[in-house]
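Novice: Let's have the full structure, built from the sequences with the hints guiding it.
Just so you know, we're using the numbering used here here: the sequence shown kicks off at 30 and counts up by one.
Keeping only pairs whose Cα atoms sit at most 20 Å apart, straight-line, the calculated EDC-like set for lysine to aspartate or glutamate is:
no. : residue 1 : residue 2
1   : Lys114    : Asp55
2   : Lys114    : Glu91
3   : Lys30     : Asp61
4   : Lys114    : Asp56
5   : Lys114    : Asp103
6   : Lys114    : Glu94
7   : Lys30     : Asp74
8   : Lys46     : Asp74
9   : Lys114    : Asp124
10  : Lys114    : Asp95
Beta-carbon label-pair distances, calculated as ranges:
no. : residue 1 : residue 2 : range
11  : Gly66     : Val135    : 35 to 45 Å
12  : Asn62     : Val135    : 35 to 45 Å
13  : Leu32     : Asn139    : 42 to 52 Å
14  : Asp103    : Leu133    : 28 to 38 Å
15  : Asp103    : Asn139    : 41 to 51 Å
These are calculated hints, taken from the structure and not from any lab test. We treat Cβ as the ideally placed atom computed from N, Cα and C, and that holds for glycine.
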Amino acid sequence: KGLCFAIQCFMSVISAKSRPIMIFLDDLQWADNMALGLIHAALSDASKITGIFFVGGYRNNEIQEDHAIFSFIDNLESYQIGTTKLDLDGMEEQDVNMMISDALAVFPRN
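Specialist: As structure tokens, then:
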């Protein structure tokens, strides 16, 4: 509880609508319930925390249907925290290069 409270306080100090932050965590297939609970606590205190954009990545081919990530996503949705799932299966290196280039407004690398 103490660590969750500290994370919530930290997030409320560094983020705001006028200065949003983005948090990207990859390989969430390795996260346990405690780690996911900490992330949930950081994202769910909407009364104090604004201006956070969280992106979590996981490899769906490395997890089972009962993995904690799915209850984590359900929990976020129950707190009215919007979630969007993007399935990136079948993307080739060229596709990823083009997507990143578009996002950064630069020419793709060859």
